[in-house]
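A.B. asks: Spelled out from the first residue to the last, the chains are:
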Amino acid sequence: MCRNKVYLTQPKPFFVFNRKKKNLNLDEILDGCLKKRPAAQKELYERFYGFAKSIALRYASRGDEVHEMMNDGFLKVFSKLDLYDKGQAFGAWFKTVMVRTCIDYYRKNHSRVGMVDIDDIHYLSYEDHLIEKLSAEEILDLMKFLPPSYKAVFSLYIVDGYSHAEIGKMLAINEGTSRSNLSKARLKMQELIKKYTSEVKDYRNVI
Amino acid sequence: MSFDKKIREKLVNHIPKYDSGSWENFSKMLPAPWYTKLFQNSSGWIVGGLSTTALLFTIYNANTKTELLNDEITTLKIQIENTIQADNKIITKTDTVYITRQIEKPVYLTQLAEKDFDFESANNKIETLTKKIAVLNRRVSDKTQLNGDTISRTNQTSEKPANSESKIEQKISTSRGNKKDVKDGSIAQHSVDLNGIDDMDTKNSTSGIESKSVSSNDSYIDQKSRINEAKSIEEELNNAELPKEKATIIPELKALENIIAKTDPEEPKKKINWPKMRFGLNSDYLGLKVLATGPTAEVFLADKFSFNASALFSGQIETKHPFPKDFNKKTGKEFNQEFRNYVDQKPALIENITIKTSFVKLPLYFNYYINTWSRFSFMVSAGTKLDLSVYQDVDYFVGPFGQQIKRKFEAKPKAKTFNNLFYGMGVQYKYKNFVGQLTPYFDFTFRNADYFRPKKNFGLNGSLKFEFGK
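Chains as they are written, first to last, in my numbering: chain A, 215 to 421; chain B, 131 to 600.
For reference, chain A alone in the conformation it holds in the complex:
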């Protein structure tokens, strides 16, 4: 089960547009989507666009994959909306659908991509304060350098809070492989962060 679902119950207001149209609450939007009303579907899409993109960005290797994952995810949300239990938080259900869609996409397109050998990773000393200097976009950019299999485990475990058992089932790998991949992914990320921050520092010094 997810360890950190509490903060995902409802996404934050992503944008503040001065719209003249009637502000619908989520229940009304969901009812409209169940009735296949385009206006309600658009409203839901716009409200959850940022949330969906933030998930897709963590799993996609390239920019075009982000949009494909998002589109697949939203299509699944609209088609399976009748399965949503209104007693549960919609944000959590939406996140689950999006994550599973991203994993499906990964399994379809990247499952055969070769793993990076643990020996290839250079162990570097890491300082925790380095990460604080980076923005979310920079971290996501660095994550793109991770092999898809590592990135999937890294995102599933660290960000989305799935256990190794769940990750193993989702990615059709052993629990041990999941642990191993996470470890390697973490090391790789630390290395990338350190390398990136040093480069930035050098760059700033030059300027």
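There's no promise every hint is true.
[What the hints assert, rightly or not] Calculated pairs, EDC-like style, for lysine to aspartate or glutamate (alpha carbon to alpha carbon, straight line, at most 20 Å): (1) A:Lys250 with B:Glu154; (2) B:Lys147 with A:Glu405; (3) B:Lys140 with A:Asp296; (4) A:Lys358 with A:Glu279; (5) A:Lys358 with B:Glu139; (6) B:Lys158 with A:Glu279; (7) B:Lys136 with A:Glu346; (8) B:Lys136 with A:Asp278.
If you are wondering where the hints come from, they were derived from the structure by calculation, not from laboratory data.
Given chain A's structure and the hints, the job is docking chain B onto it.
C.D. replies: For chain B alone, coordinates are given in the frame of chain A:
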């Protein structure tokens, strides 16, 4: 704070902004609503059906309006006729006093309807008559009293006037008691009685004259003049006979009843005025290549202007392609892709492709007729032929050389519903209600339909129809 927590915090709180235009791109991927799918799949049938429904509705609407107008015209005509009749009635009946009085009778229509007679006025007249008779009798009796001899001689007969008077009174009383008895017969009897009285009076007076002639000549002359006076009164009374009046009234009443019956506001029978319509069979030699035939219907919107709709079921047009590359050469399409739902996508040798295409068309066009002195007339047509459905029977051979097997399927490519316009000029022959038409036409195709591309843009349309309506 550990590395994992810091990463999670950073990534979870990161929500990208909405990219404008994303929905527009995504909405195309959403499954279309059922009505859009329905329209996409059967747009031809829907357009055809809607056009036909619209046409039928227009005809129905036009008919309803025409009916209403006709009803109004009929009502107005009736009203005008009634007014004229009423005016005529007054004019004709002012000719005589009786008729003028009878015009007031419609006020007593209920009495007339019951065919009752105004007995009250009749009784009044009888009473007047009785009084007059009484006066007359009194005069006669006075005369008889004047001559005492005469009285004694005529003692037996002098009782008769009194008897006759009592008889009259008896008659009156019976007539009062039973009004229905006061009819021609009773009145006639009454007059007879009066005559009888007068006869007796005359006899009495004659006897009086005889006695007087003995006594004095002057008294004789005086009595004679009185007798004449009495006779004139009697004649006057006879002239005022009731039956005559009644005989005059009854035919007048009947005439009035007839007028009333005519003016009764009966609802005029509704008559459906269908426009001129023709139904029959239509045949089209499409592109001078394939013959299509089907039922046709024509409705006249004006005297010389009509709308025609029909259904054309074509014969099969066969095209052969030795190899898929020939199919590609001719159509610009990949055989495997074009029929991907039916053809196995595994690479295999495909040969001898035969495609038999047939389709259903819905020609909708307007006709304008130019009449001639004979049974022939010219006609100008313009409209379109909507493609409703297309069917393709495809067969081909597949497999390695020597082990080929034949495969066959029926494909239903999407019809390009609205793809052409046509203009034609032809001739019509009409004999009684039968109509034959022949129209060569030019076909202007603004969208190419892959399934049917005739080399020639000309066609020939012929139809046999039967005419209904006015």
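A.B. asks: Output the numbers, in ascending order, of every earlier hint that fails for this structure.
C.D. replies: Going through the list in order, the structure violates hints 2, 3, 8 and respects the others.
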